[in-house]
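*Asks:* As a plain string of letters, each chain reads:
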Amino acid sequence: MAGAAWLVVAFPLLGALILLVGGKRTNAWGHLLGCATIAASFVYGLILFFSTTGQEEAARTSEVSLFSWIPVDQLQVDFGLRIDPLSITFLLLITGVGFLIHVYSIGYMAHEPGENDRRRFFGYFNLFVAAMLILVLGNGFVTLYLGWEGVGLASYLLIGWYTDRPSAATAAKKAFLMNRVGDVGLAIAIFIMFKVVGSTQYTAVFDGVANGAFSSGELVALTLLLLLGACGKSGQFPLQAWLPDAMEGPTPVSALIHAATMVTAGVYLIARSNPIYTASPDGRLVVVIIGAVTLVIGCVIGCAYDDIKKVLAYSTVSQIGYMILAVGLGPFGYALGIMHLLTHGFFKAGLFLGAGSVMHAMNDEVDMRKYGGLARIMPVTFVTFGLGYLALIGVPPFSGFFSKDAIIEAALGQDETWRAWVFGGAALLGAALTAFYMTRLVLMTFFGEKRWKDIKSSDGREFHPHESPSVMTIPMIVLAVGSVGAGAFFAIGDTFTEWLAPTVGVLEESHHHVIPHAVVPWLTVGLSLLGVLLAWLFVGRKRVPLSKPEPVPFPVRAARADLYGNHFNELLIARPGTWLTRALVYIDNKWVDGLVNGTAALLGGSSGRLRRAQTGFVRSYALSMLGGSILLIAALLAVRFA
Amino acid sequence: MTPTYYLLLSALLFSIGAVGVLVRRNAIVVFMCIELMLNAVNLTLVTFSRINGKLDGQVMAFFVMVVAAAEVVVGLAIIMSIFRTRRSASVDDSNLLKY
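As you go down the protein sequences, you meet chains A and B in turn.
Once you know that position 73 of the first sequence is 73 in the UniProt record's numbering, the rest is easy, because the numbers rise by one and skip nothing.
Once you know that position 90 of the second sequence is 90 in the UniProt record's numbering, the rest is easy, because the numbers rise by one and skip nothing.
Hints were generated in silico from the structure; no laboratory data involved.
All C-beta atoms in this analysis are idealised placements derived from N, C-alpha and C, irrespective of residue type, glycine included.
There could be a bad hint or two in this list.
[As the list claims (entries may be wrong)] If you want the ones that stay clear, here's a sample from chain A, every Cβ over 12 angstroms from chain B, calculated: (1) VAL21; (2) ASP364; (3) PRO397; (4) ARG451; (5) VAL552; (6) GLN614; (7) THR615.
[Stated by the list, open to error] Stretches of chain B that chain A covers, calculated by requiring three or more beta carbons in the stretch to come under 8 angstroms of a beta carbon on chain A: (8) 50-58; (9) 83-97.
From just these sequences and the hints, can you work out the full model?
*Replies:* Okay, structure coming up:
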């Protein structure tokens, strides 16, 4: 079955080609084609999945070499696909959730201005999915890099979708540039692999790691560089600033980028490179630190925003932080990180689609202070969103509980006691904060008084909230079912971790517990409920003012300003960069050009002065000739008789 | 009669010619001074030919004379034409070819 696996990538790629090249004549059925290609890939993914499940562990991994891609002397890069449990997992997530988001977009993008727009949108969407599939299915780091860049391009096109908004253009550019910073890390990591083992295929590189071809210094460098790439793509500290800005795109784009595809690429990269990370505990420690820092700052900032999509975006930042933390734990966590990625894919996609449905009803208003009391008016959205919410804050038996609790347990089970306390503590704190901001979001959106009754939206229309059409609600319902059941389905009986074992190794159980094993789930749930309670105390029982309360204490101000992440980047990178370019321009203008111009001026000026010697008087010429001759003769004589 | 006197005489003649070229303004006089210098050189050539007992110097003197004759022809023609257009034979007046 794996032999024809290239079809999985070919379907959406062909769809994108037809939709983008075909132009207007595909307008009528473009969105249907866009959905159909993804559905076809999903079906083929299912076939692959079922054909591998029954097999022996070793037989679940197969490689298909398609063609010789870059044959240059020693650099031989084959374009091939690797079908193993990890890539099939991603394949199903991307095409499955991606398909639902495609269907949802039919409804969401129906009212886009411009008759071509929906068709073009689906073209970009298919391109996005195709790039993501290349990323996860490739059998080498260069193939991964192709998908990596393709995802970057498609995200640029989609984030900047509203071309008439300068903020969207800026956000797209920001996403592209910050991704580029991470890409440099990934590229250099690939260079190192090629230099050491002479190949960039996964098998060759991982064999090299196993044989000790890499020195420990090179391994640490590899882990850090790959982590830099992962940070860029997955919006991890210190490259997290682009991700919330990416909310400028249409809501289905946010759902696709944040749930199923792009931001999960970083986690995939680390999980895929697990032999490298397993071999380098120091590199893993950095991964864990980055994950813990990101998950906390994502939560803290999420508490302060009133923009429903930004809150969800920071929620994504922090949940990806959990995943990075998990994969940083090495053999204790690779499978857990991927499991959380899957459950997160379901409930976060559902939450984003729900938020899109709310925005759809509220004239594209994103300020939650203008919402309120929508539960009755939008029952389907409310219920599906509520299920996603319960899954995200980790209430048992919803999916988030299983995956997040497993990560927290693993973080608390590290061998060094200080690590267990610090990172486990960060994960627990994150759980409480997640419950707080998500409860705040739900309370402000669906409960309380109808604050939109007496005001108009920013474009001057009155609010007439209504439930979304069924083409939008059905995907939400399906995702809600996934949010409810996926966790139990994966976690009970360790089905999922055993399924992944051929790729990421058998999940190790820690026997070192700073908090007793049985207490951790209660603690997690208890902290989440505490967060819910706090949110109710702060938001639920009071009136929500229509404008932000001012003045606020410093922590809130800092959180509203993204914990000064942008200021930090501005101060540390943008400003010095500007100064550097200015200094270079100065040097170029004054020194380099000065040298050239100065030589010309010197020659011009001195010849201008020398010209004065040409007086036109023959007799003065004669005198200088005589003088010259006398000097010459005197010199000759002096040499002769000296 | 030692050849030294001839050499002294030719040095004297050359100096007179050189000073004449430098100080006189009339083109004809400058021209005659140049001839004087050429002939001083001729005298030197002949003297050294005599001293060394070889004919090279004598032959060279003939060459100088030929060149001097040709130069006189061209030079006088130029002076004539300048005089015709400017009504002056002063070398300081014709100083247009300058910076």
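*Asks:* Please go over all the hints and tell whether each is borne out by the structure.
*Replies:* Here is what the structure says about each hint:
1. Non-interface call for VAL21 (chain A) relative to chain B: holds, since the shortest CB-CB distance, roughly 70 angstroms, exceeds 12 angstroms.
2. With a least beta-carbon separation of about 78 angstroms from chain B, ASP364 (chain A) lies farther than 12 angstroms from that chain, consistent with its non-interface assignment.
3. With a least beta-carbon separation of about 101 angstroms from chain B, PRO397 (chain A) lies farther than 12 angstroms from that chain, consistent with its non-interface assignment.
4. Distance check for ARG451 (chain A) against chain B: the nearest CB is about 88 angstroms away, which clears 12 angstroms, and the non-interface claim stands.
5. Residue-level check passed: VAL552 (chain A) sits 79 angstroms from the nearest beta carbon of chain B, beyond 12 angstroms.
6. The beta carbon of GLN614 (chain A) is not kept farther than 12 angstroms from every beta carbon of chain B, the shortest such distance being approximately 5 angstroms.
7. Listed as a non-interface residue, THR615 (chain A) fails to keep its Cβ farther than 12 angstroms from every Cβ of chain B; the least gap is roughly 6 angstroms.
8. With 0 residues having a beta carbon nearer than 8 angstroms to a beta carbon of chain A, the segment 50-58 of chain B misses the requirement of three or more and the stated coverage is violated.
9. Beta-carbon proximity to chain A at under 8 angstroms applies to 6 residues in the segment 83-97 of chain B; the threshold of 3 is reached and the given coverage holds.
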